[in-house]
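Undergrad: Listed below are the residues making up each chain.
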Amino acid sequence: MDELISEFLSETNDSLGDLDNQLIVLEQNPDDHAIIDSIFRVMHTIKGTCGFLGLDRLAKVAHASEDVLDNIRNEALKPTPQVISLILESIDRIKSLVEALEESGAEPQGSDQELIEKLHDCATGKLSSVSAAVAAEPAPVEMLQENEAATSDTDALQAAFDAAPGPEEEGGIPTDSDDLQALFDATPGPADMATPPQKADAGISNEAKAKAVAAGLAATEKTAAKEKDEGGEKDKNANQFIRVNLGLLENLMQMASELVLTRNQLLQLNRNAAASTFNTPLQRLSHITSDLQEGVMKTRMQAIGNAWSKFPRIVRDLSIDLGKKIDLVMVGEDTEIDRQMLEMVKDPLTHMVRNACDHGMDNPEQRRAAGKNETGKVTLHAYHEGGNVIIKISDDGPGINVDKVKKKAIDSGLTTEAEAATMSNKQIYQFILKPGFSTADKVTAVSGRGVGMDVVVSNIVKIGGTLEVNSVPGKGSDFIVKLPLTLAIMSVLVIETGGQSYAIPQLRVSEIVHAKFRDQQVDNTLNNEEFYIETLNQSKVLRLRGELLPLISLNEILKLPPKEEPKPEGNVLSINSKAKKQYVVICEMGSHHFGLMVDRVFDTEEIVVKPLSPMVRGIDVFSGCTILGDGSVIMILDPNGLIKTMGNINFKKEEEQEHKLRNVGSGEERINFLLFRAGGKAPRAVPVELVSRLEEIDTSKIEWAGNRQVIQYRGELMRLVTADDSYQIPKEGIAQVVVFNDEGKVMGLVVEHIIDIIEHKMNVRSLVGQSGILGSLVINEATYDLIDVGFYFSNTFSDWLATKEMETKSGKIATDGAAKRILLIDDSPFFRKFMKPILIVANYQVVTAENALKALDILEESADFDAIITDIDMPHMTGLEFAEKCKENPRLKHIPLVALTSYASSDVREKDTKNCFNGFVSKSDRDKLVDTITQILHHTMAA
Amino acid sequence: MSNQLAIADSHSPAVAGGNHKEFVTMRLNGQLFGIPVNYVQDVLRPQKIAAVPLAPPEVAGLINLRGRIVTVIDMRKKLSLPENNDRTGTMMVVIEHRHELYSLIVDSIGEVLKLSPKDFDLTPPNISSAWQAYAAGVYRLEEELMVVIEASSLLPQESKLETV
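Sequence order for the protein chains is A and B.
Residue numbers 4 to 946, in the numbering used here, belong to the letters of the first sequence in order.
Residue numbers 37 to 200, in the numbering used here, belong to the letters of the second sequence in order.
Hints may be right or wrong, so weigh each one.
Said to hold, decoys possible - Distance condition first, Cα-Cα at most 25 Å in a straight line; then the derived SDA-like pairs of lysine to any residue: (1) B:K113 <-> A:I622; (2) A:K613 <-> B:E132; (3) A:K613 <-> B:Q77; (4) B:K113 <-> B:S188; (5) B:K84 <-> A:L269; (6) B:K113 <-> A:I560; (7) A:K613 <-> B:L137; (8) B:K84 <-> A:D633; (9) A:K429 <-> A:I413; (10) B:K57 <-> B:L137; (11) B:K113 <-> A:G621; (12) A:K409 <-> A:A421; (13) B:K84 <-> A:R266; (14) A:K613 <-> B:K84; (15) A:K301 <-> A:L252; (16) A:K613 <-> B:P92; (17) B:K113 <-> A:L563; (18) A:K613 <-> B:E94; (19) B:K113 <-> A:D623.
Said to hold, decoys possible - Calculated Cβ distances over 10 Å to all of chain A for the following chain B residues: (20) S144; (21) E147; (22) S165; (23) A187.
Think of the hints as simulated: they come from the structure by calculation, not from any bench.
This one's a predicted model, so the numbers in the text were calculated from it and none came from an experiment.
Cβ atoms here follow ideal geometry from the backbone N, Cα and C, with glycine treated the same way.
The following block holds chain A by itself, in its conformation from the complex (with noise of 0.2 Å):
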């Protein structure tokens, strides 16, 4: 071929690739001129090297599409739905040309003037015409959706474009088997256009290929690819990727197995042998052996989001076929998973995205009835846990209806009355996973004859993994589904007990202490640099920086026989007797820790995880095994079933989740302090979030200006301010200085020395009226004193908020019992930030969200707020707009809300708060803020 024509391929199947998504993007922003712009430049270019090379049907089409970005780009023209639908018909043309060049090296024949003309049309604004004089095709009219029929021109088109409904369900619906395969295995991919689809099972291959290719690695066993391979073409260079058999990369794996293994004996007997003349060749294999074996691993995994890239499309059209607005949301797109999983996974997933916006969405009418927001939200989310990949599609539909599905199970004799009576919902939900079971009222092009989810299963399970239905009713449904890690890379921390060694997912450790067993006879003082071990009513615990963690015996749990003394020469330090130590690994699973008492802590390894024998299958403690560099086999410790183990272990579980959950925010969130000394008798503490940078500055370059010290500090003058006067700046030597930044004014805090960077809780006390001075952390039983760099900054800076008073009012607290809870909303990080400790040390809790929308979300989880503040001058949704919203909604217009802004003026204040807001403050004046909302509180409470 030629290399210009190859050249070309490569270049052009790269930025055909994104052009579906950001066609997308642009349909949901059709105001981005800087998607339009991007768009514009792929298509241009390949326009223009289409003409260059002499490819004249490219050429054609892309000229085309291009007048029509054009006119979007001057605005001429809207991307409308229609139009999009139009362009993407055009790339879906392009890339099957494309394809069948890199097949043949030439384009091939037919013409494209139907598309061509219909782009002329649009760029011109007659599209409304084609799409009546098409809707007027003998097609049942509900299936074709106005856009739908815009693209309906060939068959073969619109099996290509239109993912759903094959080429024969238009003339009905489909009966025998092959349909309805073809309408599991989902989206023929455009590779349909050269060789249209004879069935199914071509489409899949086809569809594969396109992928693999796409996605860099490629083995594909199916026929149709193969046959292509053989049929000579070797200037398959649109990629820089070859194909490779799956087995062949299976057994280069193997061989890198054993080469590793080799070299660890190897390297032993060398060890063993004085003065070897091996050692440098040695050292060198063990180095490549490494490489290799790493190299070899990586050829399997591939990011999840390869399988994802076709969904933002397939949701797009469906949502139009099916007149309802959905979003994608996709999460933990470089989550990765073995190939041949991915391989196997995907054609389920994509049946579950499309059964997620079929039957899992509600339209817009009952979404607005329901009091949702008109636009549904389907949500991939990929990642690891406890040795497994887990993929959830979520949906927030109205939905699974228990019992329609009951009375279908019933219906079909799937189960009988008295049986479905005693079953609990999620035995309920399993039904809809049987063959031919659909709750679809009617059926649609989409989905609804049953044939689908029973396939989703066994395609599942095929592959060893497992799925689950959750639905909760008016919010949604979620589709599980958990993968083994059959081949995936892990990373373990090997410890020993009971003289065997084990493996636990380095993931869930998140440290190690050594501890003591507290003999209360001997010493009853804490020393806080150790940590304890003690027994509460026969279950140990270990105090833990202030935190009781429940203790788990591994030798317990396994029934091993308990542990030797300690030998002398073992790991295990022995002191003497009464102060025998234990290694704790604590381990953390979400909202659980806990710790595990080991004989010994070894090294962490990189392993391959080998499924169970069926004969071990069935233990909860271990999730797997695997063959260490030394070739023993070693087991991995599931730590979400050691924690199954100690149901009897009373530990906050659930409800500390919940409570979490409820918490959002408040005084139990842990945030990172930076704690450091700067005169004065106690330590201070500031929130990390506040600093912008820590710095040195050489002390004897600070100048005066005014009578204020200052010192150059990146081209500009930064104020120099200390806590208090207790500290003077040293004349001579090296300060360390915190910086703070809020919109250009940089201030540096010179301080004695920094002491550390901690994560703890919020829980200030206010006790102190000393200006500066927010209130009293304890950390570590240590008392820091919490600096209000508010009150810095508008010292420093007179302008800043413009401050009329700024002394800080402790008295002014809210004194009343729990906590209020509050929502800040302000689109200025800095501000957030600096607020939210002001409230809380005048006790209330406080969740934040930056934007309106957030604030909307975190609504929808929970309305239980006490009060809401917001900012008004916001991106995306303005305070204002936000507070209509709220009262609108019957949920949660009896919040009170508290406007906050910038504008002096009072005119505006009026205006404002009359309709919506219960009270208004300006953002310069924070303790009226903290009035303001008690006061408001006080009124609501009373009314």
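Keeping the supplied structure of chain A fixed, place chain B upon it in accordance with the hints.
TA: Chain B in isolation, oriented as in the chain A frame:
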């Protein structure tokens, strides 16, 4: 052992081409038994086994065989036989079942025998109950009887499909 070898030899030429089956022979608590040779992947000397706490008692643990995990089954425990005190001849026989490798610990291992179907008999009902469950029949050898062990019956059956 040599006499068995002799039997094998004396039989094979005469009935070659018949429906003969080959068995790897082993002994457990004195009893001779055999497993079809095509099941057997490997024969290993005893080696360090990684114990699996909380596993069923017959599972002795796991070993690594050329990068694959092998589940080791203690045949004496599986058949509820008494502990073996003489461990000198102990060997491990590796078999593959449903793409999983298992290794059976036996007291000793013998020859590979090629046996004629005419010597085959159904399992006598009075054979000890421990063997009964796993025996597929017996071969009448000159000196003694050889129990044919249905290897798959020792091992987990079709794994349950998890749907939830």
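Undergrad: If a hint holds in the structure, say so; if it doesn't, say that too.
TA: Verification of the supplied hints:
1. Between B:K113 and A:I622, the direct Cα distance comes to roughly 19 Å. Compliance with the 25 Å bound is thereby established for this hinted pair.
2. Proximity of A:K613 to B:E132 is assessed by CA-CA distance (about 17 Å); at most 25 Å being required, the pair is judged to hold.
3. With a C-alpha separation of about 20 Å, the suggested pair A:K613 and B:Q77 falls inside the 25 Å cut-off, and the hint holds.
4. Under the criterion of a C-alpha separation no larger than 25 Å, the hint pairing B:K113 with B:S188 is consistent with the structure, at around 17 Å.
5. Between B:K84 and A:L269 the CA atoms are separated by roughly 20 Å; this keeps the pair inside 25 Å, and the hint holds.
6. A hinted pair counts as satisfied when its Cα atoms are at most 25 Å apart, and B:K113 with A:I560 qualifies at roughly 23 Å.
7. Taken as a hint, the A:K613 and B:L137 pair is honoured in the structure, with Cα atoms around 13 Å apart against an allowance of 25 Å.
8. Taking the CA atoms of B:K84 and A:D633, the gap is near 13 Å; set against the 25 Å cutoff, the hint holds.
9. Among the hinted pairs, A:K429 with A:I413 is consistent with the structure: their alpha-carbon atoms are about 16 Å apart, no more than 25 Å.
10. With a C-alpha separation of about 22 Å, the suggested pairing of B:K57 with B:L137 holds against the 25 Å cut-off.
11. For the hint pairing B:K113 with A:G621, the CA-to-CA distance comes to about 20 Å; that is within 25 Å, so the pair holds.
12. Between A:K409 and A:A421, the direct Cα distance comes to roughly 11 Å. Compliance with the 25 Å bound is thereby established for this hinted pair.
13. Between B:K84 and A:R266 the alpha-carbon distance is near 20 Å, which keeps this suggested pair within the 25 Å criterion.
14. Proximity of A:K613 to B:K84 is assessed by CA-CA distance (about 19 Å); at most 25 Å being required, the pair is judged to hold.
15. At roughly 10 Å between alpha-carbon atoms, A:K301 and A:L252 fall within 25 Å of each other, so this suggested pair holds.
16. Restraint check: the Cα-Cα separation between A:K613 and B:P92 comes to about 20 Å, which is no more than 25 Å; the hinted pair holds.
17. Straight-line distance between C-alpha atoms of B:K113 and A:L563 comes to about 19 Å, which keeps the hinted pair within the 25 Å bound.
18. Distance restraint check for A:K613 and B:E94: the Cα-Cα separation of roughly 21 Å lies within the 25 Å cut-off, and the hinted pair is therefore satisfied.
19. A distance of roughly 23 Å separates the Cα atoms of B:K113 and A:D623; the hinted pair therefore holds under the 25 Å criterion.
20. Non-interface status of B:S144 relative to chain A is upheld: no Cβ of that chain comes within 10 Å, the nearest being about 24 Å off.
21. Listed as a non-interface residue, B:E147 keeps its Cβ farther than 10 Å from every Cβ of chain A; the least gap is roughly 29 Å.
22. For B:S165, the condition that its CB be more than 10 Å from all CB atoms of chain A holds, with the nearest at approximately 22 Å.
23. At the 10 Å boundary, the C-beta of B:A187 stays outside the reach of chain A, the nearest C-beta of that chain being 14 Å off.
Checked against the numbered hints given earlier, this structure breaks none of them.
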